[in-house]
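There are 2 protein chains.
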Amino acid sequence: MKRGHTVSKKLLKNVAVYRNRVIEEGRNIEITDDRITAFPTDIADVTGYAEIIDGKGMLATPGFVNTHNHIAMTVFRSYADDMRLMDWLENKIWPAEAKLDGRTVYAQTLLGIAEMLRCGTTSFADMYFFMDNVAEAVRDSGIRACLSRGLTGITPNAAEALAENRDFFMDWHNSCNGRITVMFGPHAPYTCPEDYLRKVVETARSVGAEIHMHLCETKGEVENIRRQYGKSPIAWANDAGVFDCGCLAAHCVWVDEADIDIMAAKKVRVAHNPGSNLKLASGIAPLGRMLAKGITVSLGTDGASSNNNLDILEEMHLAALIHKADTLDPTAIPAERAVRMLTEDGARALGYTDIGKLKEGYKADITLIDRSGLHWYPRNDTLSLLAYAANSMDVDTVLVDGNILMKHKEFVTLDIERIKADAEYTKNRLFSQL
Amino acid sequence: MKRGHTVSKKLLKNVAVYRNRVIEEGRNIEITDDRITAFPTDIADVTGYAEIIDGKGMLATPGFVNTHNHIAMTVFRSYADDMRLMDWLENKIWPAEAKLDGRTVYAQTLLGIAEMLRCGTTSFADMYFFMDNVAEAVRDSGIRACLSRGLTGITPNAAEALAENRDFFMDWHNSCNGRITVMFGPHAPYTCPEDYLRKVVETARSVGAEIHMHLCETKGEVENIRRQYGKSPIAWANDAGVFDCGCLAAHCVWVDEADIDIMAAKKVRVAHNPGSNLKLASGIAPLGRMLAKGITVSLGTDGASSNNNLDILEEMHLAALIHKADTLDPTAIPAERAVRMLTEDGARALGYTDIGKLKEGYKADITLIDRSGLHWYPRNDTLSLLAYAANSMDVDTVLVDGNILMKHKEFVTLDIERIKADAEYTKNRLFSQL
Numbered sequence: 011m012k013r014g015h016t017v018s019k020k021l022l023k024n025v026a027v028y029r030n031r032v033i034e035e036g037r038n039i040e041i042t043d044d045r046i047t048a049f050p051t052d053i054a055d056v057t058g059y060a061e062i063i064d065g066k067g068m069l070a071t072p073g074f075v076n077t078h079n080h081i082a083m084t085v086f087r088s089y090a091d092d093m094r095l096m097d098w099l100e101n102k103i104w105p106a107e108a109k110l111d112g113r114t115v116y117a118q119t120l121l122g123i124a125e126m127l128r129c130g131t132t133s134f135a136d137m138y139f140f141m142d143n144v145a146e147a148v149r150d151s152g153i154r155a156c157l158s159r160g161l162t163g164i165t166p167n168a169a170e171a172l173a174e175n176r177d178f179f180m181d182w183h184n185s186c187n188g189r190i191t192v193m194f195g196p197h198a199p200y201t202c203p204e205d206y207l208r209k210v211v212e213t214a215r216s217v218g219a220e221i222h223m224h225l226c227e228t229k230g231e232v233e234n235i236r237r238q239y240g241k242s243p244i245a246w247a248n249d250a251g252v253f254d255c256g257c258l259a260a261h262c263v264w265v266d267e268a269d270i271d272i273m274a275a276k277k278v279r280v281a282h283n284p285g286s287n288l289k290l291a292s293g294i295a296p297l298g299r300m301l302a303k304g305i306t307v308s309l310g311t312d313g314a315s316s317n318n319n320l321d322i323l324e325e326m327h328l329a330a331l332i333h334k335a336d337t338l339d340p341t342a343i344p345a346e347r348a349v350r351m352l353t354e355d356g357a358r359a360l361g362y363t364d365i366g367k368l369k370e371g372y373k374a375d376i377t378l379i380d381r382s383g384l385h386w387y388p389r390n391d392t393l394s395l396l397a398y399a400a401n402s403m404d405v406d407t408v409l410v411d412g413n414i415l416m417k418h419k420e421f422v423t424l425d426i427e428r429i430k431a432d433a434e435y436t437k438n439r440l441f442s443q444l
Numbered sequence: 011m012k013r014g015h016t017v018s019k020k021l022l023k024n025v026a027v028y029r030n031r032v033i034e035e036g037r038n039i040e041i042t043d044d045r046i047t048a049f050p051t052d053i054a055d056v057t058g059y060a061e062i063i064d065g066k067g068m069l070a071t072p073g074f075v076n077t078h079n080h081i082a083m084t085v086f087r088s089y090a091d092d093m094r095l096m097d098w099l100e101n102k103i104w105p106a107e108a109k110l111d112g113r114t115v116y117a118q119t120l121l122g123i124a125e126m127l128r129c130g131t132t133s134f135a136d137m138y139f140f141m142d143n144v145a146e147a148v149r150d151s152g153i154r155a156c157l158s159r160g161l162t163g164i165t166p167n168a169a170e171a172l173a174e175n176r177d178f179f180m181d182w183h184n185s186c187n188g189r190i191t192v193m194f195g196p197h198a199p200y201t202c203p204e205d206y207l208r209k210v211v212e213t214a215r216s217v218g219a220e221i222h223m224h225l226c227e228t229k230g231e232v233e234n235i236r237r238q239y240g241k242s243p244i245a246w247a248n249d250a251g252v253f254d255c256g257c258l259a260a261h262c263v264w265v266d267e268a269d270i271d272i273m274a275a276k277k278v279r280v281a282h283n284p285g286s287n288l289k290l291a292s293g294i295a296p297l298g299r300m301l302a303k304g305i306t307v308s309l310g311t312d313g314a315s316s317n318n319n320l321d322i323l324e325e326m327h328l329a330a331l332i333h334k335a336d337t338l339d340p341t342a343i344p345a346e347r348a349v350r351m352l353t354e355d356g357a358r359a360l361g362y363t364d365i366g367k368l369k370e371g372y373k374a375d376i377t378l379i380d381r382s383g384l385h386w387y388p389r390n391d392t393l394s395l396l397a398y399a400a401n402s403m404d405v406d407t408v409l410v411d412g413n414i415l416m417k418h419k420e421f422v423t424l425d426i427e428r429i430k431a432d433a434e435y436t437k438n439r440l441f442s443q444l
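If you're matching them up, the sequences are chains A and B in order.
So for the first sequence, the working numbering puts the first residue at 11; every next one is plus one.
So for the second sequence, the working numbering puts the first residue at 11; every next one is plus one.
Take the hints with a grain of salt, since some may be wrong.
Since the list gives no way to pick one copy over another, a pair counts as held whenever it fits inside one copy or between any two copies.
Straight-line alpha carbon distances no greater than 20 Å define the calculated EDC-like cross-link-like pairs of lysine to aspartate or glutamate that follow [unchecked claim]:
| id | residue 1 | residue 2 |
| --- | --- | --- |
| 1 | K229 | E370 |
| 2 | K23 | E61 |
| 3 | K66 | E434 |
| 4 | K277 | E40 |
| 5 | K102 | D391 |
| 6 | K419 | E233 |
| 7 | K102 | E434 |
| 8 | K102 | D339 |
| 9 | K419 | D380 |
| 10 | K276 | D55 |
| 11 | K66 | E427 |
| 12 | K369 | E34 |
| 13 | K229 | D339 |
| 14 | K66 | E174 |
| 15 | K303 | E204 |
| 16 | K19 | E100 |
| 17 | K66 | D271 |
| 18 | K303 | E40 |
| 19 | K66 | D55 |
| 20 | K419 | E61 |
Bear in mind the hints are in silico, worked out from the structure with no lab data behind them.
Construct all of the structure, not just a fragment, from the sequences and the given hints.
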């Protein structure tokens, strides 16, 4: 608490809470400034609260965490689907990305943030460019984010991009009351030659930053890197020092036992993107084997151009389903594990130490879920209903850092019609240049 | 039109329509009684319409079709998850099913129907028991359904159940202005010995009924039937005459090329249930190979106890995603194919000849989809947005047989709070007996 600051207390009353991995009905949550401070049982005297939200019938969970995104790619949502990867990239995405500017990235990022908040997401990891504009949208919207500048060593601006990521770290890391953190974003093994990757690692280490990187997304990537370096992308990244910085690794679809052992030893955190991996035909990550070795696995949507929404609850649902069929084991990724990946493990993946649980002293990033929908009846098991039956449109209220950003399905701080119009305007402007 | 009946005309104006496999913006749909009668371009004179719905910004599609369900199993939604199949059946589902009665089945069916309507579903196929009660709920709700009595030859009441299915057919087939049709429902190869199955076929043939049956759901089923009869479940069912009646085959996960050839030759229609197949760890059906042979493939949710919702739009999304990863081909099940499975091919699977398209003379089973959600922006391709980004809660208005059952997300004819309360009451009553 800053000196001279007036303490703001809020109360979420009469909610079920997901806490200690079970559901407790009929609780109250007290929030003081940006933190959860109590679960009071006596709320007869409510004079001290600036705001009280009656959550009768609702379920409170830690805010959902989306650990891999290229958020401004909302501009390409449903622009090009059902195509082979290189055809899609070379003929559609790359030519269009060349026309992006900061104004467009800001508008599209704000659209993506609004969509994520609507679905109960309170923090996300992003890797893209025009990152100052992305950070401004995060700042203005009130959401929490872990941002990295996408770095490729094979483009002419490789050195400049690395300097940008460093500046971006110095300017924004731990800003906005800690809502924004920054990582370094070497894109992938196939876009970062080893000497460049080592420069990225060195720069990240010099400022104490972690690394967000795509690893082992496709079978072809692994084959090519093995051919080029004589080792797997995981072994190669490890040898280059990536994991010593602390690493959020996106995808990890094609990892073998030796890779998994390295990842476990180096505490690599995985962003699993089932929707994107399915849609791009990348494959199905061996989640069970990674979890068995104690690796933190979280959930990401990837960009809207390969999903095509930013609905992290849907990703949880996919994760809870596909690994059962992939391993022919109906007990794989049970409901509680899926919900934990969505919340607690997501927060851990982004390096947060006081986020991801409903717990005294933790940041008040909270999602309230309306259980009045028909698909919530009859009521046999709330946790199972959340994992298998819920719909992101059930999300009713969202708090980030103690601030109410959505209340009873209405945005409190964002002008949604303007955001939609601006997204449409900047999209049309971009495509008119193609 | 019946004699003395007053013609009722309705107009859905200013909608985008999915017609001839593309999206056309800015159309109007005229409905006369239970049928689509025109797409008028001049709507200056609207005096003849009993009701006009302004669908500005919305997308009209043929009503969604859910081709495999055990609808009253909503009572077991999230009652028992993350279990092995036989453990789940023997220790949870079968003991609980033994406590079902007609009153409970009616209440739970009405809940499931309401949930399906909310998600844009206008017709469904069901296989369960207490089917008179299911038919009454269909009659009372206004939805369309193709119903069958689940028949198992290994239970003491096998003969009685078959007689029941026959009576059920005589009582309800083509009733309620054709909204209810009836099939025979031999459950599965592992519950129907061959002599019993032949009796079912004979009875179905004697009244001209088609057959709805589970086939090749699990690897174990195929192995056991091959061991027992020396042929695949498909070959075995074919030899027993099942396909000569006309057959809706649920699942078909473990079918080989020889099976697919038989299915194609006999015009078997498949109900693909991706959510249930994933959740129960049954596997992933070879959709591409079935479609390549011209087999009609449609979408089902299966019962809510193995899904755990009745959201057919989510099944379409799953179908559009999982086959890409399963075959490592990003062009598998493209958007338009997925939408067709949800509508036109679903209707064909249930044996309807004038349902499943927005076309003059077809039944007015229509779903209006609100495109104002954030995940519909920016607007690059509506068909792709429907397949990959849409959410069932976008469904705004639903008509079945020309009647408006949901209008702007409010139910017109059903008392939803009463339905939810009754579902909860009958669930509690059932479990109190265990």
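> Between copies, within a copy, both or neither: which fits K19 and E100 at Cα up to 20 Å?
Replying inline: Answer is neither; intra-copy 52 Å and inter-copy 51 Å both fail.
>> For K102 and E434, with the copy left unspecified, which applies at a CA distance of at most 20 Å: within, between, both, or neither?
In response: Classified as within: same-chain Cα gap 18 Å, cross-chain 51 Å, threshold 20 Å.
>> My question is about K66 and D55: at a cut-off of 20 Å on alpha-carbon distance, are they close within one copy, between copies, both, or neither?
In response: within (18 Å within a copy, 49 Å between copies)
> Between copies, within a copy, both or neither: which fits K102 and D391 at Cα up to 20 Å?
Replying inline: between (45 Å within a copy, 14 Å between copies)
>> For K419 and E61, with the copy left unspecified, which applies at a CA distance of at most 20 Å: within, between, both, or neither?
In response: Only inside one copy: K419 and E61 sit 17 Å apart there, 30 Å across copies, limit 20 Å.
>> Please sort K66 with E174 into within, between, both or neither, judging by C-alpha distance up to 20 Å.
In response: neither (48 Å within a copy, 45 Å between copies)
> Should K66 paired with E427 be assigned to within, between, both, or neither, using CA atoms and 20 Å as the limit?
Replying inline: So K66 and E427 pass the 20 Å test across copies only (16 Å; inside, 29 Å).
> Can you tell me if K276 and D55 fall within 20 Å by alpha carbon in one copy, between copies, both or neither?
Replying inline: neither (50 Å within a copy, 73 Å between copies)
> Between the shortest in-copy and the shortest cross-copy C-alpha distance, which are at most 20 Å for K419 and E233: within, between, both, or neither?
Replying inline: neither (47 Å within a copy, 51 Å between copies)
>> Cα distance capped at 20 Å. Does K102 pair with D339 within a copy, between copies, both, or neither?
In response: between (39 Å within a copy, 18 Å between copies)
>> My question is about K419 and D380: at a cut-off of 20 Å on alpha-carbon distance, are they close within one copy, between copies, both, or neither?
In response: both (10 Å within a copy, 16 Å between copies)
>> As a check of your reading, is K277 near E40 (CA-CA no more than 20 Å) within one copy, between copies, both or neither?
In response: neither (34 Å within a copy, 62 Å between copies)
Checked against the numbered hints above, the structure violates hints 1, 4, 6, 10, 14, 15, 16, 17 and 18; every other hint is satisfied.
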